[in-house]
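Protein chains: 2
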Amino acid sequence: MSEPLPGPALVIKPEGMTGRTGRYEKRLSDLDGLFADAEAFAARLATEADRVIYHVDEFRPSGAAGDLITGISTLSAGRVGAEFHMTRGHIHAQHDRTEIYHCLSGHGLMLMETLDGQTVVTELRPGVVAYVPPVHIHRSVNLGDEDLVTLFCYPADAGQDYGIIARSGGMRHRAVADGTGWRLEENSGYVPR
Amino acid sequence: MSEPLPGPALVIKPEGMTGRTGRYEKRLSDLDGLFADAEAFAARLATEADRVIYHVDEFRPSGAAGDLITGISTLSAGRVGAEFHMTRGHIHAQHDRTEIYHCLSGHGLMLMETLDGQTVVTELRPGVVAYVPPVHIHRSVNLGDEDLVTLFCYPADAGQDYGIIARSGGMRHRAVADGTGWRLEENSGYVPR
Numbered sequence: 001m002s003e004p005l006p007g008p009a010l011v012i013k014p015e016g017m018t019g020r021t022g023r024y025e026k027r028l029s030d031l032d033g034l035f036a037d038a039e040a041f042a043a044r045l046a047t048e049a050d051r052v053i054y055h056v057d058e059f060r061p062s063g064a065a066g067d068l069i070t071g072i073s074t075l076s077a078g079r080v081g082a083e084f085h086m087t088r089g090h091i092h093a094q095h096d097r098t099e100i101y102h103c104l105s106g107h108g109l110m111l112m113e114t115l116d117g118q119t120v121v122t123e124l125r126p127g128v129v130a131y132v133p134p135v136h137i138h139r140s141v142n143l144g145d146e147d148l149v150t151l152f153c154y155p156a157d158a159g160q161d162y163g164i165i166a167r168s169g170g171m172r173h174r175a176v177a178d179g180t181g182w183r184l185e186e187n188s189g190y191v192p193r
Numbered sequence: 001m002s003e004p005l006p007g008p009a010l011v012i013k014p015e016g017m018t019g020r021t022g023r024y025e026k027r028l029s030d031l032d033g034l035f036a037d038a039e040a041f042a043a044r045l046a047t048e049a050d051r052v053i054y055h056v057d058e059f060r061p062s063g064a065a066g067d068l069i070t071g072i073s074t075l076s077a078g079r080v081g082a083e084f085h086m087t088r089g090h091i092h093a094q095h096d097r098t099e100i101y102h103c104l105s106g107h108g109l110m111l112m113e114t115l116d117g118q119t120v121v122t123e124l125r126p127g128v129v130a131y132v133p134p135v136h137i138h139r140s141v142n143l144g145d146e147d148l149v150t151l152f153c154y155p156a157d158a159g160q161d162y163g164i165i166a167r168s169g170g171m172r173h174r175a176v177a178d179g180t181g182w183r184l185e186e187n188s189g190y191v192p193r
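Protein chains in written order, with this note's numbering: chain A, 1 to 193; chain B, 1 to 193.
Keep in mind that a hint or two might mislead.
To be verified - Now the stretches of chain B that chain A is said to cover, found in silico as 3 or more residues with beta-carbon under 8 angstroms: (1) 10-18; (2) 76-89; (3) 102-113; (4) 116-123.
FYI, nobody ran anything at the bench for these hints, they're computed from the structure. Being a predicted model, the structure only gives us computed values, none of them experimental. No residue lacks a Cβ here, since even glycine has one placed at the ideal position from N, Cα and C.
Starting from the given sequences, assemble the full structure and let the hints guide the process.
As structure tokens, then:
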């Protein structure tokens, strides 16, 4: 008689996570060139270069087609000039691979863009499961005063292409403070693909 | 100038869900043959045949490889004899397709089984993200006193094979009450594959 075995699981607890297979962190110094206000970025860099702006804990069982990579993204609150903290963003190297982001806490955006420059945006609040359709560049933006925490899941063979945003001088829209709220504004440095 | 468009999203709120593309319900009468205690089942059926035991709300953008189906499964609390409420269970028709279940509320099990009869089990409590590996039959079991609510995500081309459980006379183990707790017991009607 074989006894039941414990299954693999990612367990999210206030005191920390168990079951992850990897973690990466992005510090302020890793995000050079992302924000419009170079002067504000330099001023923060002088004292906060090593500050972790976001980190990702993941469970990556394999890279096989049909498998899934799951994890938790934690994006800190803050701004560079008027612009809210955001992730680098990417498109999946296999363009038709989709993704979901389930907002667990905080307030933010899933900022998306098609290859021909159509911006698509989903506001993230707890309970929202944003869907990133095929062939959509996507990044998270934190609009709030606390961490934006999302559970993501995507096909394990998706891959990431980060260069697509850099080659266009960023995404078409930027999320900036507007009084006590936010708005999207055109990115003046945007180069259509 | 094209204005930003709203993105697709599934929104889970206490007052109901928006954004789903489909929903299905399983009533007690749909679950004939699942539970060991036929007499206890018949007794409940006499008064509760139409009671919804579980329902699934889903967001299914397509059935394409590389796409994802996401949704919420809500499994009611209760027992048939000593055996806790459970879903029918299945294996993915494409055997290598995996799945995650993120427990949002309640207490239960992700009860899994390999083709050669090894039981694998993950206890579900809020914060647990259970991973169903390739080629694992799986079903949810509600061990608690309230609904077991899970967010699931799986590859859109996975498909479901429900017959695999029926052909073996059920899964190898059953989850039954044990005092105020629970235990797994061997399914006496189990036929190895």
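Each hint tested on the structure:
1. 10-18: Check passed, 4 qualifying residues.
2. 76-89: violated (count 0)
3. 102-113: Satisfied; 3 residues make the cut.
4. 116-123: The restraint on the region 116-123 of chain B holds, since 6 of its residues have a Cβ under 8 angstroms from chain A and three suffice.
Violated hint: 2 only; the structure is consistent with all others.
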